[in-house]
Amino acid sequence: MAELGVERADFIGVPVQDLKRADEFYGKTLGLRRNPNSGERWVEYELGNVTLALVSPEAMGPDFEARGHQMPIALRVPDVEEARGKLEAEGVEFLHETVDSGVCHIANFADPDGNTLQLHRRYAPYRDGTLP
Amino acid sequence: MHVEQVDFVSMPTRDYARAVEWYRDVLGLAVSDYASTEIETPNVTLTFWKPEEQGEAFVPNENGIALRVEDVEAAVEEVRAKGAEVIGIQDSGVCHMGFVKDPDGNVLILHRRYAPRG
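For the record, the sequence lines run as chains A and B. Residue numbers for the first sequence, in our numbering: 1 to 132. Residue numbers for the second sequence, in our numbering: 1 to 118.
Please note that a few of the clues may not be correct.
Within a straight-line C-alpha distance of at most 20 Å, the following computed SDA-like cross-link-like pairs (lysine to any residue) qualify [stated by the list, open to error]:
1. K101(B) / G5(A)
2. K28(A) / H2(B)
3. K50(B) / S101(A)
4. K50(B) / L95(A)
5. K50(B) / S36(B)
6. K86(A) / M97(B)
7. K86(A) / H2(B)
8. K82(B) / M97(B)
9. K101(B) / G68(A)
10. K101(B) / R8(A)
11. K101(B) / A35(B)
12. K50(B) / A110(A)
13. K101(B) / F64(A)
14. K28(A) / K101(B)
15. K50(B) / K86(A)
16. K101(B) / L95(A)
17. K82(B) / K28(A)
18. K101(B) / A74(B)
19. K50(B) / E44(A)
20. K101(B) / E7(A)
None of these hints come from the bench; they were simulated from the model.
Let's have the full structure, built from the sequences with the hints guiding it.
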């Protein structure tokens, strides 16, 4: 490691125009764990290894425009098809058929602001024989 | 639905080699043992993708990934000295945030919370 000394990734910013709608989607539809210390303007979801932070006009000011990031975030689920079925039943639209990359299954969808998310599960072992 | 963790975040780029070198040499992060186009932060993997290869417009990410450093001001000066574009430093009231850009224009936040939670 160089001298900059990055200790960890604290959060990944997710731009949203409508904080309540996004809060509903990440909390209810995706069933993620909301950080209980979230405030009125800054809402965080804890995904085990890293935090997603909803970046909204409430936090950034009324001129903030959420344009939908082009930075797909891969969410590890036990079974991509099963999770996809549950989300589709909630009305979530997927952007394409589930892809089998040869080592993992992956299915892209978007949150209500157009931010790309992926259901992801690696099924092939790594070189050292371990599985994720 | 049970989401276990974030496996990786795909950063848009136009040049894989330039991106990986920058995250390694300027931010001091490790290149993945498994893939030469992936960077490991201590807790989440950053991978790179070329939207234009998949027929999508390239749009840099403006909203930032926050990377925890001990001293934001010192870290900003360090990456500036290594040639990175610096947008500026803000004090949010609970944390310091140093906004910088990678060579593709993706925003990264050199971040340190100083206020207790709650």
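Hint check results:
no. : hint             : result
1   : K101(B) / G5(A)  : 18 Å, holds
2   : K28(A) / H2(B)   : 12 Å, holds
3   : K50(B) / S101(A) : 17 Å, holds
4   : K50(B) / L95(A)  : 17 Å, holds
5   : K50(B) / S36(B)  : 15 Å, holds
6   : K86(A) / M97(B)  : 38 Å, violated
7   : K86(A) / H2(B)   : 11 Å, holds
8   : K82(B) / M97(B)  : 19 Å, holds
9   : K101(B) / G68(A) : 18 Å, holds
10  : K101(B) / R8(A)  : 18 Å, holds
11  : K101(B) / A35(B) : 23 Å, violated
12  : K50(B) / A110(A) : 18 Å, holds
13  : K101(B) / F64(A) : 19 Å, holds
14  : K28(A) / K101(B) : 33 Å, violated
15  : K50(B) / K86(A)  : 30 Å, violated
16  : K101(B) / L95(A) : 29 Å, violated
17  : K82(B) / K28(A)  : 43 Å, violated
18  : K101(B) / A74(B) : 16 Å, holds
19  : K50(B) / E44(A)  : 28 Å, violated
20  : K101(B) / E7(A)  : 19 Å, holds
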